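Trainee: Listed here are the chains, written in short residue letters.
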Amino acid sequence: MNTANAAGAAGGGAVREMSAGEARPGTRRRTRARPGARRSRYHAGAGRRVVITGIGVAAPGGIGVRAFWDLLTAGRTATRAITLFDATGFRSRIAAECDFDPAAHGLSPQEVRRMDRAAQLGVVSARQALADSGLTPGDVPPERLGVTVGSAVGCTMGLEQEYVVLSDCGRQWLVDPAYGVPQLYGYMIPSTIATEVAWAGAAEGPVALISTGCTAGLDSVGHGYQLVKEGTADAVVAGASDAPISPITVACFDAIKATSPSNDIPGTASRPFDLDRNGFVLGEGSAMMVLEERDAALRRGARVYAEIVGFASRSNAYHMTGLKPDGREMAEAIRTAMRQARLRPGQIDYVNAHGSGTRQNDRHETAAFKAALGEHAHRVPVSSIKSMIGHSLGAIGSIEVAACALAITHNVVPPTANLHTADPECDLDYVPLTARDTRVDVVLSVGSGFGGFQTAMLLARDRGAKPGQRGGRA
Amino acid sequence: MTEPTRAHSRARSRTPARDHDDRPVVTGIGVAAPNGLGTPAYWAATLDGKSGLGRITRFDSERYPVRVAGEVSEFDDTEHVPSRLAVQTDHWSHLGLTAADMALRDAGVDPATLPEYEMAVVTASSSGGTEFGQREIEKLWSQGPGYVGVYQSIAWFYAATTGQISIRYGMRGPCGVICAEQAGGLDVLAQGRRLLRQDARVVVTGGTDASLCPYGLVAQVSTGLLSTRDDPERAYLPFDDDACGYVPGEGGAMLIMEDAAAARARGARPYGAVAGYGATFDPPPVPGQEPRSNLRRAITLALEEARVDPAEVDVVFADALGVPARDRLEAQAISAVFGPHGVPVTAPKTMTGRLYAGGAALDVATALLAIRDGVIPPTVGVRAAAPAYELDLVRSAARDGPVRNALVLARGHGGFNAAVLVTAA
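So the sequences go chain by chain: A and B. Here the numbering used here is used: position 427 in the first sequence is 631, and no number is missing along the way. Here the numbering used here is used: position 393 in the second sequence is 453, and no number is missing along the way.
Read the hints as simulated data drawn from the structure, not as lab findings. Being a predicted model, the structure only gives us computed values, none of them experimental. The C-beta atom is built at its ideal place from N, Cα and C for all residues, glycine as well. Treat the hints with care, as some may be off.
Just a few of them, taken from the derived set where beta-carbon distance is under 8 Å, the chain B residues facing chain A [what the hints assert, rightly or not]:
#: 1; residue: P125
#: 2; residue: A219
#: 3; residue: G233
#: 4; residue: C235
#: 5; residue: V281
#: 6; residue: V346
#: 7; residue: P351
#: 8; residue: N354
#: 9; residue: R357
#: 10; residue: G475
Computed cross-link-like contacts, SDA-like style, restricted to lysine to any residue with a CA-CA straight-line distance of at most 25 Å [stated by the list, open to error]:
#: 11; chain 1: A; residue 1: K574; chain 2: B; residue 2: Y177
#: 12; chain 1: A; residue 1: K528; chain 2: B; residue 2: P142
#: 13; chain 1: A; residue 1: K461; chain 2: B; residue 2: I227
#: 14; chain 1: A; residue 1: K528; chain 2: B; residue 2: K199
#: 15; chain 1: A; residue 1: K528; chain 2: B; residue 2: R228
#: 16; chain 1: B; residue 1: K199; chain 2: A; residue 2: A382
#: 17; chain 1: A; residue 1: K574; chain 2: B; residue 2: R144
#: 18; chain 1: A; residue 1: K528; chain 2: A; residue 2: D499
#: 19; chain 1: B; residue 1: K199; chain 2: A; residue 2: V369
#: 20; chain 1: A; residue 1: K528; chain 2: A; residue 2: N482
#: 21; chain 1: B; residue 1: K199; chain 2: A; residue 2: Q376
#: 22; chain 1: A; residue 1: K528; chain 2: B; residue 2: R144
#: 23; chain 1: B; residue 1: K199; chain 2: A; residue 2: R375
#: 24; chain 1: B; residue 1: K199; chain 2: A; residue 2: T525
Please put together the full structure from these sequences, using the hints given.
Mentor: Written out as structure tokens, the structure is:
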């Protein structure tokens with residue numbers, strides 16, 4: 205089954221052997237001149253500044269930041285035929301799955317029994333992020349530590365598995381209460397994932413689960429950012445988790461033909477911006493980050509990946525799943541985030557696209573980038589990591605923020621895999637196939653979701669902080 | 061009755077001092093509750109002590125250990141929601157859409173006349189479109205994947221209500237969805253307030269929940285916290301010696317929050333202002349040890365931010381789970397801040413059942429109505445608060461008297477605590 209994981213047809217083998225930091229003549233190019241001295245303060249106002257000091261990732265292709273970054277910078281894909289259940293009879297039978305053994309990642313038998321897969325992935329990535337940050341209760345007391353977790357579908361997998369038992373495979377509308385397990389209610393309320401992360405991090409400050417569909421992962425980081433910025437918390441474990449690769453979620457995307465039916469080419473089925481794309485490939489995973497008030501983080505000598513300098517969301521009020529081709533509301537979210545950060549379009553070095561691989565999305569956001577960034581939209585590298593790790597609904601926004609922070613740390617832009625023939629209506633620089641070494645100081649990440657949500661976040665290198673020393677390749 | 065003793069508090073604010081005009085106000089209320097659809101019906105029933113609890117009618121509950129719930133029995137989904145919208149949404153969203161429409165009318169807000177990006181929707185949901193979800197998942201498992209309907213993807217996920225309200229009224233501002241079980245219904249007010257301090261002008265907020273389908277009920281039963289009594293009048297008795305768990309319900313409330321100056325400028329009459337908020341989280345339970353609650357700190361944060369002394373609080377709307385161990389923790393938190401018998405406490409949710417995210421939003425609506433009319437609604441059914449709790453519980457009848465500051469508490473399953481202080485505008 206894993207043979208399908210090989211990279212796309214063109215140049216896959218060569219790309220796989222490359223590491224992020226290695227020189228790659230011919231592919232290494234600078235996209236533009238450095239903006240230089242005109243760059244001023246990124247942050248808006250004189251308020252508190254918020255930095256990312258720890259990252260944890262549990263994504264398809266590997267658990268941990270190193271495996272994740274290796275996959276992205278090598279341009280490998282982790283999409284494959286579904287193994288989590290027998291997908292015979294479904295329209296789309298492919299997904300980006302995590303090879304995840306919860307016990308191997310420190311979860312006790314009781315935790316494994318209690319938690320849905322989304323909570324397990326979330327707890328593992330949260331523990332990684334906290335360990336990576338080096339944050340201790342002595343640095344931030346529990347009551348000043350918050351948690352914001354995004355999830356689109358919560359604990360659906362557990363909810364479905366128990367449903368099958370209680371309903372005897374869908375035969376009983378009046379499900380049998382005798383088979384109810386104690387954790388069943390915890391599966392019905394997605395906030396359980398935030399509870400588990402809060403317990404894992406010993407947080408006793410504000411805790412929330414954000415569930416704005418496929419922008420939940422960006423919105424949850426944005427929510428955590430605001431809690432720290434306004435002083436409600438001094439640090440927040442912020443991120444997202446989703447584990448939607450279960451029959452009901454696969455079936456509901458089948459029903460609206462949103463997912464790719466390219467079951468014969470699972471490894472290359474996720475093709476954002478490519479003329480041959482035919483829907484997104486479902487994924488799963490989690491990323492968590494430790495957000496801290498900058499001064500306190502610097503005082504304790506924390507390593508800073510990046511600063512969050514702008515966050516805004518808008519809604520299209522148009523259609524629950526449809527997108528207007530003009531990208532108007534996403535453009536407005538981007539402009540608002542740029543205003544907050546006091547950044548001009550020309551200062552953005554990389555755009556992490558939503559890039560789900562549906563035709564309407566790719567055109568929608570291409571238009572949004574042109575509207576918000578003007579001419580710079582044609583110069584700045586734009587890529588979609590969903591081409592490699594699929595679309596994990598509410599989780600992907602946080603996974604993408606993690607990728608953006610790593611892009612700044614390593615000065616590497618991850619590629620859009622499987623992009624061989626660009627859709628003529630998508631005429632930007634989507635960084636096809638191969639990662640690009642280039643100076644990355646400011647990154648824009650966007651998300652778009654069912655319900656009409658459009659979110660934009662801006663991250664920037666924190667020049668006053670210590671440079672990155674750990675995480676990814678040295 | 062002796063003069064209540066009230067604990068001293070330090071009126072310290074973590075946030076910079078703000079002009080009172082900076083406090084967002086609530087200008088519209090929409091209610092879909094088991095004891096009343098629409099604010100006038102709900103409020104009249106609540107003051108009269110009329111309960112909406114009864115035998116479950118949405119399905120045959122005979123085989124389940126819980127057979128009593130609060131259903132919004134007057135509500136007809138197809139009558140209250142346009143048919144095209146009704147087919148693509150769950151009952152929980154129908155209740156939310158209806159309450160939001162009532163709230164907008166009540167506020168006199170015409171979305172067509174306001175800047176699109178300055179209107180936002182932030183709703184809380186505890187469990188999403190449970191009933192719709194059960195129908196579709198039944199089709200999947202009994203018939204096959206091809207039988208799952210096209211609306212499953214947008215009906216059952218937790219963002220459905222927010223998305224549909226945003227679309228219905230052309231609200232293109234920063235929309236959101238918060239899930240923290242019961243506490244989420246207060247958390248959304250804090251988020252609404254945050255947006256109003258940024259660039260929003262009007263925020264539709266609040267929440268509803270409705271998980272009274274067979275699978276939803278069995279999931280709720282799994283906690284062991286629900287009441288299994290069949291007598292609706294004796295089933296949900298928070299703080300009573302006879303407390304035996306809570307009764308689940310459906311419904312909730314939507315609130316229109318506005319910037320105070322903008323509301324004043326358009327001549328709106330606010331119900332009150334959201335003056336303070338605090339949220340905390342409990343540590344995990346440790347077997348063999350007394351649970352530790354951070355509810356008290358949430359209360360203190362809300363009062364400090366509002367710059368209101370405990371002695372100035374006229375009523376506390378309790379979370380009132382009806383489970384003795386949890387009631388004790390809440391009573392301890394209230395007594396620690398206000399002193400024994402230090403403040404009137406009420407829980408009109410005994411007349412609706414626990415509505416989760418919808419319940420906390422409904423409690424805020426009720427608190428605002430209490431401020432407007434100068435009357436505290438009763439905790440119907442409770443005969444006497446257990447003496448050990450040292451609470452001044454407003455029991456069988458409403459209590460008259462000016463209400464200027466009302467504190468609303470909500471605890472979400474799993475450790476969430478939230479407190480909101482609403483005050484006369």
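Trainee: Indicate, hint by hint, whether the structure satisfies it.
Mentor: Cross-check of the supplied hints:
Evaluation of the P125 of chain B hint against chain A yields a held restraint, the C-beta minimum of about 7 Å falling below 8 Å. Interface hint status for A219 of chain B: upheld, as the beta-carbon distance to the closest one in chain A is roughly 4 Å, under 8 Å. Nearest Cβ of chain A to the Cβ of G233 of chain B: about 7 Å, under the 8 Å cut. The hint holds. Contact between C235 of chain B and chain A, as hinted, is supported at the beta carbon level, the nearest pair being about 4 Å apart and thus within 8 Å.
Interface hint status for V281 of chain B: upheld, as the beta-carbon distance to the closest one in chain A is roughly 6 Å, under 8 Å. For V346 of chain B, the shortest C-beta to C-beta distance to chain A is roughly 11 Å, which exceeds 8 Å, and the interface hint is violated. The interface hint given for P351 of chain B is broken, as the beta carbon of that residue sits about 13 Å from the closest beta carbon of chain A, more than 8 Å. Look at N354 of chain B: its Cβ gets to within about 6 Å of chain A, closer than 8 Å, so that hint holds up.
Because the smallest distance between the Cβ of R357 of chain B and any Cβ of chain A comes to about 7 Å, under 8 Å, the interface hint for this residue holds. The closest approach between the C-beta of G475 of chain B and any C-beta of chain A is roughly 6 Å, which is under the 8 Å cut-off, so the hint is satisfied. With a C-alpha separation of about 20 Å, the suggested pairing of K574 of chain A with Y177 of chain B holds against the 25 Å cut-off. Distance restraint check for K528 of chain A and P142 of chain B: the Cα-Cα separation of roughly 24 Å lies within the 25 Å cut-off, and the hinted pair is therefore satisfied.
Distance hint between K461 of chain A and I227 of chain B is fulfilled; the C-alpha atoms sit about 22 Å from each other, no more than 25 Å. For the given pair, K528 of chain A sits about 32 Å from K199 of chain B by alpha-carbon distance, which is inconsistent with the 25 Å threshold. Of the pairs offered as hints, the one joining K528 of chain A and R228 of chain B holds, with about 16 Å between alpha carbons and a cut-off of 25 Å not exceeded. For the suggested pair K199 of chain B and A382 of chain A, the alpha carbons sit about 22 Å apart, so the restraint of at most 25 Å is met.
Proximity of K574 of chain A to R144 of chain B is assessed by CA-CA distance (about 35 Å); at most 25 Å being required, the pair is judged violated. Between K528 of chain A and D499 of chain A the CA atoms are separated by roughly 42 Å; this puts the pair beyond 25 Å, and the hint is violated. With a C-alpha separation of about 15 Å, the suggested pairing of K199 of chain B with V369 of chain A holds against the 25 Å cut-off. With a C-alpha separation of about 18 Å, the suggested pairing of K528 of chain A with N482 of chain A holds against the 25 Å cut-off.
The suggested pairing of K199 of chain B with Q376 of chain A holds, with an alpha-carbon distance near 11 Å, which does not exceed 25 Å. Only pairs whose Cα atoms come within 25 Å are accepted, and K528 of chain A paired with R144 of chain B is accepted, the gap being roughly 21 Å. With a CA separation close to 9 Å, the supplied pair K199 of chain B and R375 of chain A stays within the 25 Å bound. Of the supplied pair hints, the one linking K199 of chain B and T525 of chain A holds, its CA atoms being roughly 22 Å apart against a limit of 25 Å.
Hints 6, 7, 14, 17, 18, counting from the list given before, are not met by this structure.
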